Amino acid sequence: MSENVAGVAGSQPGVIEPRIDLRILSPGSGVPESIEIRDVPVGTQIAKLKESITRVAPSHPSPDTQRLIYQGHVLAEPSTTLQNVFGADAVRFLVLSFVILR
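Residue numbering for the sequence shown follows the working numbering, starting at 4 and increasing by one per position.
Worth flagging that the hints you see were computed from the coordinates, not collected in a lab.
Since we're looking at a predicted model, the values are computed, not measured.
All the given hints hold, so there is nothing to weed out.
Cβ-Cβ distance ranges computed for the label pairs, FRET-style:
(1) Ala79 to Pro30: 14 to 22 Å
(2) Ser62 to Ala91: 31 to 39 Å
(3) Ile19 to Arg70: 27 to 35 Å
(4) Ile19 to Ser62: 28 to 36 Å
(5) Arg26 to His63: 17 to 25 Å
(6) Pro61 to Ala91: 30 to 38 Å
(7) Gly90 to Pro61: 30 to 38 Å
(8) Leu28 to Asn87: 19 to 27 Å
(9) Gly75 to Ser37: 17 to 25 Å
(10) Pro30 to Pro81: 21 to 29 Å
(11) Val77 to Ser37: 13 to 21 Å
(12) Glu36 to Arg58: 16 to 24 Å
(13) Asp24 to Asn87: 16 to 24 Å
Each residue gets a CB set at the ideal place from its N, CA and C atoms; glycine is no exception.
Whole structure, please, built from the sequences with the hints as guidance.
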């Protein structure tokens, strides 16, 4: 299952920022093994990512019940951007990243 979130607002209007594709993995029931969200601006905040997950996951988990984990770190701060999570240098080469939804 995948969604294109090109309409998600980035950090600065009129500035083209890098975009990445994400694969969300979930060990829980009610969510497929993986969900792909494509063309996500790196300026997207965790709160907006959780809203996208709510839209595409069949069980529609509310953002406040989602727990996102990347490389062992819980992504708890809603205003953190994906660029902050992955790092500015890594974003240039990042095509597909894995985030765990619990």
